[in-house]
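Those sequence lines, one after another, are chains B and L. Take the first sequence: its letters are residues 1 to 285, numbered as in our numbering. Take the second sequence: its letters are residues 286 to 808, numbered as in our numbering.
Wrong hints could be hidden among the right ones.
[Unchecked claim] Chain B side only, calculated, beta carbon under 8 Å to chain L, not exhaustive:
(1) Pro41
(2) Pro49
(3) Arg52
(4) Gly55
(5) Pro56
(6) Gly58
(7) Arg66
(8) Met67
(9) Asn144
(10) Ala227
(11) Pro228
(12) Glu238
(13) Glu241
(14) Phe242
(15) Arg272
(16) Asp276
For the record, the hints were derived by calculation from the structure and aren't laboratory data. Virtual Cβ for every residue (Gly too), placed ideally from N, Cα, C.
Spelled out, the chains give:
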Amino acid sequence: MATFRFLLRKLAADRTAALGALIVVLLVAVAIAAPVLSTHPEDVTEFHPPERLLGPSGDHYFGTDRMGSDVYSRILFGARITISIAVIAIGVSVLIGVPVGLVAGYYRNWASDALMRVSDIFLAVPQIVLAIAIAQTLGPSIENVILALSATYWPFWARLVYAETRSALNETYVEASIALGASPWRVMLLHVLPNISSSLIVRTTIGMGGTILTAAVLGFLGLGPPAPSPEWGRTIAESREFLPEAWWYATAPGLAIFLVVMGFNLLGDGLRDILDPRTRRSTDG
Amino acid sequence: MRLFDHSPRLVRLAAAAVLAAGAAVAAPAQAGGKFIFANSSAYDTLDPHAIFDVGRVASRINLYDGLMRWFDNPPHLEPWLAEKVDISDDGLTYTFTLRDAKFHDGSPVEASDVAYSIDRILEMKKGAYSLFEGTVAPGSTKAPDAKTVVFTLSKPSAIFLATVPEIHVVNEELVRANEADGDLGTAWLSKNDAGSGSFRLTRYDPAIGWQATRFEDHFFGWDMVEDPLDTIEFRTVVEINSRVLGLMNGDFHGTDGYLPQDQVKRLAASENVVVDEQESMRIFYSIIHNGRPPMNDVNFRKALSYSFDYDGFIDNILSGSVARDPVPLPNNMWGAPADVEGYTYDLEKAKEHLAMVKEEVREITLGALAGYGQTEQAAALLQNGLNKIGIESKIVSETWPVASGKMRDEEQMYDPLFLWKSTYYADPNNWLGEMYACEQIGARNNSWYCNEEVDALLSEARTSTDQALRKANYEKANRLLMEDAAGIFVYNTKWFGPFNKDVKGVRFSPIGNGQEMRWVSMD
Numbered sequence: 001m002a003t004f005r006f007l008l009r010k011l012a013a014d015r016t017a018a019l020g021a022l023i024v025v026l027l028v029a030v031a032i033a034a035p036v037l038s039t040h041p042e043d044v045t046e047f048h049p050p051e052r053l054l055g056p057s058g059d060h061y062f063g064t065d066r067m068g069s070d071v072y073s074r075i076l077f078g079a080r081i082t083i084s085i086a087v088i089a090i091g092v093s094v095l096i097g098v099p100v101g102l103v104a105g106y107y108r109n110w111a112s113d114a115l116m117r118v119s120d121i122f123l124a125v126p127q128i129v130l131a132i133a134i135a136q137t138l139g140p141s142i143e144n145v146i147l148a149l150s151a152t153y154w155p156f157w158a159r160l161v162y163a164e165t166r167s168a169l170n171e172t173y174v175e176a177s178i179a180l181g182a183s184p185w186r187v188m189l190l191h192v193l194p195n196i197s198s199s200l201i202v203r204t205t206i207g208m209g210g211t212i213l214t215a216a217v218l219g220f221l222g223l224g225p226p227a228p229s230p231e232w233g234r235t236i237a238e239s240r241e242f243l244p245e246a247w248w249y250a251t252a253p254g255l256a257i258f259l260v261v262m263g264f265n266l267l268g269d270g271l272r273d274i275l276d277p278r279t280r281r282s283t284d285g
Numbered sequence: 286m287r288l289f290d291h292s293p294r295l296v297r298l299a300a301a302a303v304l305a306a307g308a309a310v311a312a313p314a315q316a317g318g319k320f321i322f323a324n325s326s327a328y329d330t331l332d333p334h335a336i337f338d339v340g341r342v343a344s345r346i347n348l349y350d351g352l353m354r355w356f357d358n359p360p361h362l363e364p365w366l367a368e369k370v371d372i373s374d375d376g377l378t379y380t381f382t383l384r385d386a387k388f389h390d391g392s393p394v395e396a397s398d399v400a401y402s403i404d405r406i407l408e409m410k411k412g413a414y415s416l417f418e419g420t421v422a423p424g425s426t427k428a429p430d431a432k433t434v435v436f437t438l439s440k441p442s443a444i445f446l447a448t449v450p451e452i453h454v455v456n457e458e459l460v461r462a463n464e465a466d467g468d469l470g471t472a473w474l475s476k477n478d479a480g481s482g483s484f485r486l487t488r489y490d491p492a493i494g495w496q497a498t499r500f501e502d503h504f505f506g507w508d509m510v511e512d513p514l515d516t517i518e519f520r521t522v523v524e525i526n527s528r529v530l531g532l533m534n535g536d537f538h539g540t541d542g543y544l545p546q547d548q549v550k551r552l553a554a555s556e557n558v559v560v561d562e563q564e565s566m567r568i569f570y571s572i573i574h575n576g577r578p579p580m581n582d583v584n585f586r587k588a589l590s591y592s593f594d595y596d597g598f599i600d601n602i603l604s605g606s607v608a609r610d611p612v613p614l615p616n617n618m619w620g621a622p623a624d625v626e627g628y629t630y631d632l633e634k635a636k637e638h639l640a641m642v643k644e645e646v647r648e649i650t651l652g653a654l655a656g657y658g659q660t661e662q663a664a665a666l667l668q669n670g671l672n673k674i675g676i677e678s679k680i681v682s683e684t685w686p687v688a689s690g691k692m693r694d695e696e697q698m699y700d701p702l703f704l705w706k707s708t709y710y711a712d713p714n715n716w717l718g719e720m721y722a723c724e725q726i727g728a729r730n731n732s733w734y735c736n737e738e739v740d741a742l743l744s745e746a747r748t749s750t751d752q753a754l755r756k757a758n759y760e761k762a763n764r765l766l767m768e769d770a771a772g773i774f775v776y777n778t779k780w781f782g783p784f785n786k787d788v789k790g791v792r793f794s795p796i797g798n799g800q801e802m803r804w805v806s807m808d
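This is chain L alone, in the form it adopts within the complex (with noise of 0.2 Å):
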């Protein structure tokens, strides 16, 4: 079986395609320029098998380069460094070829960087780790010559092509001779860059940003876009209001697509910005705990999904901007039944379920996360509609680090907490198969949910290679986690990408959220 046979093609035409849009109205522009995006969370560190968020992203694309790569919206996989996959029928073998490219240093990249790069994730347990643990084993990734990598997996997996894009290739020899104490590079490469990617790191600190120039051998070339930029710099502002003054100042040229509906509207009504909408995949809801009393019994997790005001939080608090998602799919992405009707705003029921409930009903602890003013929103929505049906609760707001512990530890999760599920790679056991698979407990699980129905569809989706068999498992499993109240899912965001009105060119996907800059140019 041969797949993405074709070289990076189609990436060229859709590049063409955006910019062939963008030079009809743009003037004759002038070369380069420097693209300042003021990012919402600081990059504590730049090592790119160190973090695997979509807060920040940036880095990992822009100043490193993996085999595959995602783009545009809906997502497509598309070979990058790589420049053709043979699988083989027992789905157990990949073998990449790769195609001339340089690091930054003006070494070649050769199959042994790759071979490294996995084993050294492997190796860190950190970042998207969990994506290949239990699937490929270190050392099992081979280099025979210098253009060709082999991964055995230890057991099939539908979604390893799809997580290849998060193996961030790293160059070897460097890494190596800047290891310290046997730390694999981490405290160098947490500040430095050894990689193959578009931009090159010039400077960087952890209380400002980083700044990176053009990398003018890279791969891809640069023919695909005129004037491409010279310089990115991604700044971090933490202050929302200082981001869109900025942006509205001309000052910042970009910043996340994920503000508060006010603030978007304020940024559209500016003559200096451009809101760019698109549809994300990005669901918000709320974690149950549902290992501990009371939310083990399911009536009283209905009671809390009744108990919720879906259409004050997404038509008021956000001025309807986002879709009501009632299951924990996004509503876009195959396998995501179209037929749900999920739970509403029904206090009696709340009432109804509350009643039905065995275990001793107590005070609960509702989570949020600080500075995340919507999170904030959403449990005192919920507090107001427990007050109602006569549960107590408490909100507890705390920042996502000290939340994200918290999630990984059964005894210190909070009851609920509110959060989103951002796309790692476009392929529904990004949302089911990590929130909700038993053996994903107390890792990506944090509901410690297990259900040996759901548990036999979502691992039997992970290994099939029959596309209509994962569709139909998905679908079912979305409706019995619906069915079962797992979690109280409540809408699929929208993506508002502000940018300054001289930005052409950039290509929004959901994996990396319209922050790969070497398609972009500024008039």
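Only chain B is shown next, with the shape it has when bound in the complex (with noise of 0.2 Å):
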């Protein structure tokens, strides 16, 4: 409770980290309360022809689409398309990437190599292209995103707890406790794990912003939830159509995503100077 409290302290101290945890929290409140908040909550399956391409006005704040819904209330429920999609894409990654690197980093032979080989072997190809081609294999649908973002992003988990477990089995609490006799998986877990929690925080949450904006890709790709999702990426995809004209169809989920993935970048930022001394600024005293 006193680290809470401590971060919390240190956030509202950085103006810029501030921001971004507002923001995120925001995109959290939004997504849960998107049926109270929406102005035409129906409009997410339901469609007004008679109603297409309206401009923004008291009655549709960012306008209509081409089927005459409602876009910001779609916006509203897109968000929690966003925000289950990266959380859970960001979550598998970890469960699989965080194993994977203490695993290999605290031992040190060919399992552990062949470990690494094979992560190094999906960060070799660019990580937009691979979530392409299984996104595009397996067909388009949330899950698909979901699975193909999963699949690319781990390796950046196990890369990073590798390097941490390795430097931290060089400090003497750890050397300590294997001298007194624990066990391999009580040092990785009861010892390693929380002393590197922290840049593991650091990189989930700036990783947050990217996988945001990689399923918002795949979605204006087409490799998304199919129509008619309030996907952020389909709907920026659908609205090419009708630029320059209906501006703001186009506008409203391309500004939603900008400040989404600000906000996670800014918190992330921030959160790295608080939790890294060897980074944390002079003007935090």
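Please assemble the complex out of the two chains, which come individually in their own frames, going by the hints.
Here is the structure:
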């Protein structure tokens, strides 16, 4: 609890990080409260062709889309899709990447080499290309986007945890616990993992931004959830036909993606400054 | 019986008329010029016998010639490489007499090249193959002399002549010289040109497109066209906005005539662009998989047909730019009954029919073509209606190569799939005969629809030469198909061909979509 309060205090002191945190909290709140906040919640699945491509107004804050649905309401519901994709994909990546990194970092044998070479293979292919290939092969759906993102993101965590574990193993507290006869699992989970958790948290926060961006790219390319899903990337793809006249149609989801990715990146940078004493800024006192 | 024994004088007259109209307003033009056409789909092959679609028609009609050719709108069939054609009284023997023509390498076009071309189509089993399968037997086409080619059909066919333009004549000697491992020269011909057409291929890159220069020795001559084009380029530009902006800037001189209506309006407002509006023959409909439950129940199909908001789609989403067409035949084609009401958006009736469905109702999959926003919007609109009558559905949007593969597989075919059916030859068989004849199931009948009464009408119409009987049969078949709700029939397209304001002489035909460039000139 004390650490949490420390974190909050530090965050509040760092204005950009606080802004990032605010955006992230807002995003989650909006996603949860979408049915309440949206003006036309039924427009996620209902269309009104006579009202298509209307400009922003008091009734439709961000105008209407090609099917005559309210863009604002659809953006709010799109936040749910975006968050669930990002959270699940990152969660799976962490669940795969962290154990792989820990084991490969702790042991020094052929198995740990093999694990790291496998992650090297994944890292050698540009991440977006691999994600496109996987999503295209499996067919467009939310589940497959999550699968594609998880399959391409886990090596980043494996690499990070591997490197941190290797350096932690040289620390005296680890040597001490090994000398006291602690089992490898005990050392990894109780001594190494807690001490590398700060870089893990930073990496995960910044990773959220990247994941949301990649998910939007997949949606834009038509590999995400199919129409009439309000997924942001797909909405931008749909709106291209109507540019520049229906400017609101592409601008609203574009702004949403921009804000959310920026929010996670600011928060991630702020957390890194706070959690890593080496980069902590002098103004922090 | 002798048909078409005139030289292509009609063609010349029509061209002259078009030219005169253009010349009246045009200042004296500088010769030649380069025409750049922004094409929405990529030319992955130039082999005229491997492809048979309207999106990539330009390589076939500009680089190659056929014995006959379709012109103008409404389309009429004229002798082209052939000077005349004699048809035997039993309707089985077609004797074509060739004109003097040269291939691009200077060698003469001979009857044996024609026989080789049809046999190549029959052996490759690609492209227009399904048009000739069962009608023309391999090896049955003979060349008694260099100027005479004789087709002997296995059974009478009312549509044979209409499909002759798809027998694009290739230079047999050249193709044979470039064969590798008995591949009929497919690898070579996919990147090269062995034709006699109005333009000669100079550059080709599957990722970029192709370029061709005017073929001075073309048999038709160039005296009909004042300042014909020197060079034509068909460039692949996938993004709609790039095509539209390029046209408005003057970088491109033409693009396809089936853009979203919002873009057509934008182009029409640009001072650089003239939009040519023509009634076309390209229906938009939804294939329904009639062979799979619950769509094998006519009441379920009727429920689907009553759940689509036709007016919302046509009047709002397409701004009224197309005409409602309640049957599977373009309403400006003969054989389309004039007085059919068709289905309307009526959820009460949809519910009534749904209540009568005996099969178990399940979630259905609505297919759409990725990149073709209209098909997605139609699928979403149908889903909207289905939600209201309590039918669950999910939309699957896939690219054309994926969808066209699935269409031919009874298991993989979508429940309904929205798409267009274009004109490949102007005969009702192009629509009804291919879409709903039992023998076409799995090939071009992707509805798995086989109704004995309809099939009898269609096969009689396909073999008979009695025009009145054919017309009556097609009208009746249309009514039956509509009554049976074999598909969800939505509209017949208009063509809005956007061209640079300096472009003159475009001849639109629903078969070539105005992409035959030999008539075109630029100020």
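How the hints compare with the structure:
For Pro41(B), the interface hint is violated, the least distance from its beta-carbon to any beta-carbon of chain L being 14 Å, above 8 Å. A cut of 8 Å between beta carbons decides the hint on Pro49(B): the least distance to chain L is about 4 Å, and the hint holds. With its C-beta approaching chain L no nearer than about 6 Å, Arg52(B) sits inside the 8 Å limit, and its interface hint holds. For Gly55(B), the shortest C-beta to C-beta distance to chain L is roughly 14 Å, which exceeds 8 Å, and the interface hint is violated.
Given hint, Pro56(B) at the interface with chain L, is violated; its Cβ is 18 Å from that chain's nearest Cβ, farther than 8 Å. For Gly58(B), the suggested interface contact is broken, since its CB lies about 22 Å from the closest CB of chain L, more than 8 Å. About 6 Å separates the beta-carbon of Arg66(B) from the nearest beta-carbon of chain L, less than 8 Å, and the hint is met. For Met67(B), the suggested interface contact is upheld, since its CB lies about 6 Å from the closest CB of chain L, less than 8 Å.
Taking 8 Å as the C-beta cut-off, the interface hint given for Asn144(B) is violated, the closest approach to chain L being about 12 Å. Interface hint at Ala227(B): satisfied, since its Cβ lies 5 Å from the closest Cβ of chain L, which is below the 8 Å cut-off. Nearest Cβ of chain L to the Cβ of Pro228(B): about 4 Å, under the 8 Å cut. The hint holds. Interface hint at Glu238(B): satisfied, since its Cβ lies 7 Å from the closest Cβ of chain L, which is below the 8 Å cut-off.
For the restraint placing Glu241(B) at the interface with chain L, the shortest Cβ-Cβ distance is roughly 5 Å, inside the 8 Å limit, so the hint holds. Below 8 Å, beta-carbon pairs count as interface contacts, and Phe242(B) has one with chain L at about 6 Å; its hint therefore holds. Hint on Arg272(B) is violated. Least Cβ distance to chain L is approximately 39 Å, over the 8 Å limit. Interface hint status for Asp276(B): violated, as the beta-carbon distance to the closest one in chain L is roughly 44 Å, over 8 Å.
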